[in-house]
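J.: Residue numbers (my numbering), protein chains in the order written: chain L, 2 to 570; chain Z, 34 to 390.
Just to be clear, a hint being listed does not mean it is correct.
According to the in silico footprint, chain Z covers these stretches of chain L (three or more CB under 8 Å from chain Z) [stated by the list, open to error]:
1. 184 to 196
2. 393 to 401
3. 410 to 421
4. 500 to 511
5. 529 to 543
Because the hints were derived from the structure by calculation, they are not lab data.
Since the model is a prediction, treat every value here as computed from it, not as a measurement.
Every residue, glycine too, gets a C-beta built ideally from N, C-alpha and C.
Given next are the chains, with one letter for each unit.
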Amino acid sequence: MKKKNLVQRTVIIFVVTLIGLYVVIGPRHRPTRHDFTWSGIKATLASNIRLGLDLKGGSHLVMRVKTEEFLKRLTEENAVAAQNAAKDAGFDIKEARGETSGGNYRVVLVPADPSKANDIRQAIEKKVELGERLGWSFSSSGNTLAWSLTGAAQRTLADDATTQALRIVESRINALGVTEPTLQTHGSQSSHQILLQMPGVTDPERVKQLLKGESRLELVHIVSPPSPAPSQTYVTKEEAIASLNSGGGTIPANRRVLPYSERAEPTAAASQNPNEQKPVRWVVVESPAIIDGSELRNASAVPTRAGSSDEYEISFSLKKNGADKFGAWTGAHINEYMGVVLNDEVKSIAFIKSQIFDSGQIEGRFTKQSAEDLALTLRSGALPAPIEYLEERTVGPSLGQDSIHSGVRASAVGLALVVLFMLFYYRGSGVNAVVALLLNMVLMLAGLILFGATLTLPGIAGIILTIGMAVDSNVLIFERVREELRTGKTIPSAIDQGFGRAFITIIDTHVTTIISSMFLFVFGTGPIRGFAVTLVIGLLVNLFSAVYVSRTIFIWLLSRKQKVESLSI
Amino acid sequence: MIQVFKDVRIDWLANRRWFIGLSILLMLAGLGSAIFRQFTHHQAFNLGVDFKGGTVVTVKFKQRPADEAIRAALVKQGVRDAIVQLTDKPDTVLIKLPLEGQGAESQAQVDAGRTEVRNALNVFGPEAQPTLELGADSNAAYKIIATDAVGAVAGAQLRNKAIAVTLAALVGILIYIAFRFEWTYGAAAVIAVFHDVLVTLGFFSLFQWEVSLTVIAALLTLVGFSVNDTIVVFDRIRENRKLHRRDSLYKITNDSINQTLSRTVITSGLVFLSVLAMVLFGGEVLRGFSLALLIGITFGTYSSVAIASPIMVWWEQRIEAANRAAAVNFSRPLKGGGPAKTKNLGRDVVSARAGKQ
Chain L
2 MKKKNLVQRT VIIFVVTLIG LYVVIGPRHR PTRHDFTWSG IKATLASNIR
52 LGLDLKGGSH LVMRVKTEEF LKRLTEENAV AAQNAAKDAG FDIKEARGET
102 SGGNYRVVLV PADPSKANDI RQAIEKKVEL GERLGWSFSS SGNTLAWSLT
152 GAAQRTLADD ATTQALRIVE SRINALGVTE PTLQTHGSQS SHQILLQMPG
202 VTDPERVKQL LKGESRLELV HIVSPPSPAP SQTYVTKEEA IASLNSGGGT
252 IPANRRVLPY SERAEPTAAA SQNPNEQKPV RWVVVESPAI IDGSELRNAS
302 AVPTRAGSSD EYEISFSLKK NGADKFGAWT GAHINEYMGV VLNDEVKSIA
352 FIKSQIFDSG QIEGRFTKQS AEDLALTLRS GALPAPIEYL EERTVGPSLG
402 QDSIHSGVRA SAVGLALVVL FMLFYYRGSG VNAVVALLLN MVLMLAGLIL
452 FGATLTLPGI AGIILTIGMA VDSNVLIFER VREELRTGKT IPSAIDQGFG
502 RAFITIIDTH VTTIISSMFL FVFGTGPIRG FAVTLVIGLL VNLFSAVYVS
552 RTIFIWLLSR KQKVESLSI
Chain Z
34 MIQVFKDVRI DWLANRRWFI GLSILLMLAG LGSAIFRQFT HHQAFNLGVD
84 FKGGTVVTVK FKQRPADEAI RAALVKQGVR DAIVQLTDKP DTVLIKLPLE
134 GQGAESQAQV DAGRTEVRNA LNVFGPEAQP TLELGADSNA AYKIIATDAV
184 GAVAGAQLRN KAIAVTLAAL VGILIYIAFR FEWTYGAAAV IAVFHDVLVT
234 LGFFSLFQWE VSLTVIAALL TLVGFSVNDT IVVFDRIREN RKLHRRDSLY
284 KITNDSINQT LSRTVITSGL VFLSVLAMVL FGGEVLRGFS LALLIGITFG
334 TYSSVAIASP IMVWWEQRIE AANRAAAVNF SRPLKGGGPA KTKNLGRDVV
384 SARAGKQ
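Model the full structure from these sequences, guided by the hints.
T.: Listed below in structure tokens is the structure:
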């Protein structure tokens with residue numbers, strides 16, 4: 002080997018080692034004297050490596066899906082739909098309402114002509130999801146028709162709502178980038194609880210707000226004289242209800258009275274402020290909404306004015322179906338008022354200047370983060386029902402602190418055994434192996450940190466396999482060099498041949514394992530992925546440390562003398 | 034220079050019937066145990082909280098004992114495989130118990146769990162009166178403040194996915210080895226890996242050790258070790274076939290195993306020792322993980338010599354024989370085709386298939 006080659010190799014190894022060391026134990030702030038002490042290095046290491054819930058602990062949140070709200074809303078929506086279906090079929094309906102009391106959910110209809118009850122029922126059940134088959138048992142008494150939800154159907158619907166909520170919570174958590182969360186149902190099935198554990202998260206406030214966001218978006222028709230008259234709003238709720246002239250102060254099923262807080266600060270930022278601004282105006286809107294959030298294709302936070310960075314709004318676009326519906330509706334209602342409603346609160350009112358198809362804005366004085374969070378929850382879909390938090394606490398590692406300590410101790414014992422054996426058995430060359438092994442571990446940790454991987458127990462299993470294969474690489478090489486020496490080769494050529502032959506084997510074993518890990522990484526989930534990530538990083542590093550570095554040390558040893566007579570191996 | 038082996042000449046393949054017989058016996062024992070348990074206890078394996086869900090009991094102590102002490106008290110009461118987890122409050126711990134038997138979590142399960150925990154914890158002193166706060170009851174040592182049922186972290190979906198993904202990874206291994214060696218080598222390696230996993234799982238069923246997510250991690254690890262070991266031997270066979278074209282595959286395989294024997298013993302021995310340290314000093318919680326690794330490494334090493342190599346040789350010989358039969362049909366039988374061949378028929382067949390590199 003030429004001298005120049007050796008210098009080049011040494012420089013590469015030093016640079017890589019320094020970068021690796023910096024990534025692993027380098028502080029991410031301006032270094033202080035404390036960072037160079039033992040406890041300082043340990044603290045930096047702990048803050049650089051992300052540990053999973055099983056090793057570190059984190060936040061433990063139990064939430065409940067308010068399924069009764071879901072059933073209530075469903076009942077009310079069905080009442081409106083039933084009324085509309087009956088009207089479409091040419092029947093006059095005096096009153097339609099959803100009744101919920103004491104765990105019973107009933108859709109009640111009062112037709113103008115009770116003698117046609119059966120025809121009305123048929124017309125409605127054809128179009129609306131009511132009927133025995135769907136768990137709504139029908140009854141009629143006097144002049145009312147009623148569908149009430151059976152207990153079994155209530156349970157099925159509530160369970161479905163919980164499953165759906167779990168899925169939406171999952172997609173929000175993933176969108177937020179919380180690493181390796183555990184999400185599972187909690188409590189008995191009828192309690193509709195979800196348990197969320199997030200490793201390393203000690204302040205879950207933002208996550209909590211974000212998960213809680215129901216994000217029910219609706220575009221509604223505002224009951225108001227058309228533009229240029231200003232949109233019709235009322236100072237009090239009572240005044241708004243009185244305008245409906247329904248008598249007795251009730252709201253008919255096809256109308257809703259909603260608060261309208263002009264340009265108030267909504268979502269996360271507002272609820273942190275206890276003196277939340279009370280809604281100032283009330284408006285009457287038509288029910289059902291023109292379209293709702295399920296028609297949403299995308300939502301994103303954009304600055305309200307170009308170049309401004311302190312005020313944001315949310316721009317959204319609609320799917321094809323929703324856009325068609327919306328376009329047809331806006332085309333027919335030019336100059337009338339429509340409103341953007343979020344979680345039963347009117348966010349903005351605008352008159353329709355011209356036909357609108359597939360996009361709109363939610364205005365409001367959003368901060369950048371609250372706008373981004375809202376857009377995220379809108380994208381992940383609306384929760385079927387609101388959720389409430391029952392329990393929140395910070396938990397220790399699920400493996401148990403003492404188990405982790407004993408695990409670390411046992412690994413240290415194992416590693417010490419390996420190092421001692423290598424030094425004893427391979428003498429001087431054993432130093433090569435130990436240097437390569439230590440470098441492998443440093444660079445593997447650096448790789449984990451650079452990829453932002455979370456270390457969990459399966460990850461540690463990957464590290465164990467890597468260390469095993471790293472030791473194996475050295476053993477393969479040394480045994481091979483010994484074999485070549487036994488056949489009477491000179492030392493330089495034995496080293497050359499030994500590395501050359503063993504390298505083929507090492508490549509085959511490593512590539513096989515890396516290929517299978519790729520499968521595990523691409524198609525696997527959670528723990529399996531954690532295993533694959535550490536293994537792939539570890540093996541790639543090992544090709545460098547066990548082959549390149551170890552070889553360089555041998556080259557250096559050989560280069561010190563003109564003629565090498567003995568090799569300590 | 035210290036050496037483990039010097040010029041060993043063991044005829045490994047001669048014992049192949051014993052090896053394969055032993056392996057089949059072990060796999061049958063595991064399978065038998067799994068089937069038997071499935072029928073008698075409705076569970077082939079002792080699945081942990083991760084897979085089945087279970088009960089979480091929250092306990093508040095006046096003076097919290099060490100985790101190990103709590104765990105020991107539970108084991109004494111017959112509650113194995115409980116997870117003891119600390120909370121942010123120094124006096125409160127969560128104890129997770131796996132679900133007993135089959136079926137979804139029910140109130141009866143939760144109550145049973147509560148009773149078990151109470152019986153176990155009574156070694157630290159009595160529980161506080163139900164109506165009193167812990168602080169108000171001067172005799173009490175602890176109070177159970179909550180019991181909840183939890184769902185499985187790794188449901189059936191995750192388990193099935195894990196199996197499917199591992200199978201896909203094995204197919205990947207098969208294809209790569211087939212590309213670098215021959216497809217018979219790949220098949221033999223994958224069969225050996227299957228064998229290792231089945232034998233290890235068999236042990237878990239036989240002794241009813243708890244199968245948790247950590248055991249799955251250990252199984253993934255042993256797949257890696259086993260394939261690694263097998264490839265090292267195969268790699269030597271490939272090399273020797275090019276160097277000694279006249280030798281039979283039988284002899285070459287034996288030689289290759291012998292030549293790599295010191296490496297096999299050193300590597301596997303070192304890993305075995307490290308894992309043994311984990312079994313001995315790693316604590317109760319990691320025992321399932323380290324036991325699975327220990328058994329897996331032992332059988333992973335064994336299978337590359339005793340399973341993968343014999344299967345590969347047998348398969349190659351079959352192909353060889355078929356090729357020769359085909360060739361004989363086309364030409365006249367070879368005269369003096371080599372008395373050596375006829376003498377040791379079935380054992381020494383010269384391979385015409387050159388190893389790829």
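J.: Going through the numbered hints above, which ones does this structure break? Give me the numbers in ascending order.
T.: none
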